[in-house]
Amino acid sequence: MATSNTTSRATNHTMGEHSEQFEEALKALDVYKNKDVSKVVVRFKAVGNAPIMKQNFYKITASNRFQAVIHFLRKELGWTSGEPLFTYINLSFSPAPDDTVANLFKACGTDGHLIVNYSTTQAWG
Numbered sequence: 001m002a003t004s005n006t007t008s009r010a011t012n013h014t015m016g017e018h019s020e021q022f023e024e025a026l027k028a029l030d031v032y033k034n035k036d037v038s039k040v041v042v043r044f045k046a047v048g049n050a051p052i053m054k055q056n057f058y059k060i061t062a063s064n065r066f067q068a069v070i071h072f073l074r075k076e077l078g079w080t081s082g083e084p085l086f087t088y089i090n091l092s093f094s095p096a097p098d099d100t101v102a103n104l105f106k107a108c109g110t111d112g113h114l115i116v117n118y119s120t121t122q123a124w125g
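Take the sequence shown: its position 97, counted from the start at 1, is 97 in UniProt numbering, and no numbers get skipped.
Hints are not guaranteed to be accurate.
[To be verified] DSSO-like, lysine-lysine: derived pairs with alpha carbons at most 27 Å apart: (1) 106 x 59; (2) 54 x 39; (3) 59 x 75.
Everything labelled a hint here was simulated from the structure, so no lab data went into it.
All chains, please: the whole structure from these sequences, using the hints.
As structure tokens, this is what we get:
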């Protein structure tokens with residue numbers, strides 16, 4: 001009986017740990033599901049021979065992926081998907097299309113803006 005009792009207590013302890021982990025996982029999923037509806041001011045700056053936009057400040061939903069920013073920029077410039085467009089954050093790196101605007105802003109925001117440089121040719125490595 002003593003062995004059975006010990007096994008029972010160990011199983012209950014393990015199940016308790018699993019349910020806590022399960023609850024934490026559910027909370028994390030809820031946070032992920034709730035889209036960040038706040039806005040980030042994105043400032044577009046032309047590099048090289050790229051045309052300069054008349055309006056270069058836009059508010060973009062923070063939960064959008066950077067791919068949406070690229071699509072928006074193409075639309076504003078009147079460029080098709082076949083035309084070359086290179087984008088950079090703060091003249092330093094090209095973000096992955098699946099990065100979120102919020103993450104890029106948190107990591108690289110400057111004076112309350114996310115600066116996106118764009119070019120028709122590759123400007124940096």
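Each hint tested on the structure:
no. : hint     : verdict
1   : 106 x 59 : holds, 15 Å
2   : 54 x 39  : holds, 21 Å
3   : 59 x 75  : holds, 15 Å
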